[in-house]
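Q: Go ahead and model the full structure; you've got the sequences and the hints to work with.
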Amino acid sequence: MAGTDHAPPPFFKRGPAPLALLTFYVAISLALFVVDLRLKSLDLLRQSIALVTDPIQRIAQTPGSLVDNALGYLRGLDDLLEENTGLKQTQLQTAPNLQRLEHLEKENERLRKLLAVKEREKAKGEVAQIMYTARDPFSHKIIVDKGQQSGIVAGQPAIDESGVVGQVTRTFPFSSEITLITDKDQTVPVQVVRTGQRSVVFGLGKGRLELRYIPANADIQEGDLLVTSGLDGIYLPGFPVARVVSIEREHSYAFARILCAPVAAVENFGEVLVLSPRQPQAPRPPDATGRSGNTGTPVKAGAN
Amino acid sequence: MQPTFSSSRILLPVRPWFIAFSLLTALLLNFLPTAQWPGIPDWVALVLCFWSIREPRRVGMGWAFVLGLMMDVADGAALGQHCLAYVLLAYIAASQSRRILWFPLAQQALQVLPMLLASQFIQLAMRMLAGADFPGWGFLIGPLIATFLWIPATFLLLLPQYQPVERDENRPL
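So the sequence lines, in the order shown, correspond to chains A and B. For the first sequence, full-length UniProt numbering assigns the number 1 to the initial residue and increments by one for each residue that follows. For the second sequence, full-length UniProt numbering assigns the number 1 to the initial residue and increments by one for each residue that follows.
No lab work stands behind these hints, which were simulated from the structure alone. Predicted model only: the values in this text are computed from it and were never measured. No residue lacks a Cβ here, since even glycine has one placed at the ideal position from N, Cα and C. One or more hints might be untrue.
Coverage of chain A stretches by chain B, computed from C-beta distances (three or more under 8 Å per stretch; other residues unrestricted) [claimed, not checked]:
id, stretch
1, 24–33
2, 37–50
3, 61–74
4, 124–138
5, 175–188
A: Quick look at the structure:
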């Protein structure tokens, strides 16, 4: 046997040869990698390993949270009082709108009933604390402290006080992973508030979003607010997603290049509201002959 | 075994529980919320590399594979990413262990650098091939910092094996 190291003659049992072991482990690793990325069928394995790593991770989080708690304690009464007055003032300022909103919702409900239109869905959800940002530098994900035990399932959208944060992509027994809307390949169907035009926002990584499939001559301006359109059956309509930051119109391309910044504080720590899944929508009508695709929600390649 | 083969100091044999303890500590250090700072070394890779060089018959690719799986799940990375990198790291380190230990510590560190860089590059290549976005060059600073930490890490991890310098009359050794 020509060993890879200066192996002594095989007087003693040493187990399989290093090269054989290496081949074995590399094969398993590559198989895991391909199956995990392509077929996405290893969630059970992931969850069982997470049962072991989760306690260690929680131990590792304690020094940081202890420091946070101590800082919060030392912030003092003055700051809190100030914040309290500020919050009271904002509450008072928004009160008239809120009161009228309730009235409007009732009225809207009644009118919809009169018109025999399906009622609007109400947003319900569960508040979850962000535990930490996932360490993986290739993606933009956060881990929150509610999981399967709280009835969270993959696919639920998450929002914070100002807008959409992301979508639950994996659930573990006591925590779940939310992919931020700024993650590469994460998409949100949106609508421009000012014009009502519908399109899809793609994450670019590094805290930026891009609004795609808007014609170069379309009516869109810097500062336009984009809200969820609700066409996908996942996000409820009307949540703010992003604001247009810059528009590049080049005549050689059919579409304008529109960069947006997320409205929600997606890269910060805090709390998020994980919205409950939407009621299932009416089944899609069968495709008419001669017209295929183009049904609003883009299908991600390989996600069939 | 001595810190290097050229030094005259004789070490006690390593205790298996200390190897397990140091690897678990490295895992704990990796789980600390330090993701937002660039240049934090991969502690597990460093400690694994150390033990693979120092004790290739006790720590090998099996340990590397299990630790890699745990890192993958905890990171939220693709399964198999850390596994492959660590298994290759353990293999290369073990195959080079007889040679590396002949060098002084600073030169050992220089030889460890390409191994750690390679393990980071493998992860980068795997994820880029799978379509992830580029994390920035800060991703490759970690191995450089880990190289500088080779000397203190060697000292710390060999500490339980050092014998007292002064002789005790009541002890044979």
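Q: So, for every hint listed, does it hold in this structure?
A: Each hint, compared with the structure:
no. : hint    : result
1   : 24–33   : holds (count 8)
2   : 37–50   : holds (count 6)
3   : 61–74   : holds (count 3)
4   : 124–138 : holds (count 7)
5   : 175–188 : holds (count 3)
Every hint, counting from the list given before, is met by this structure.
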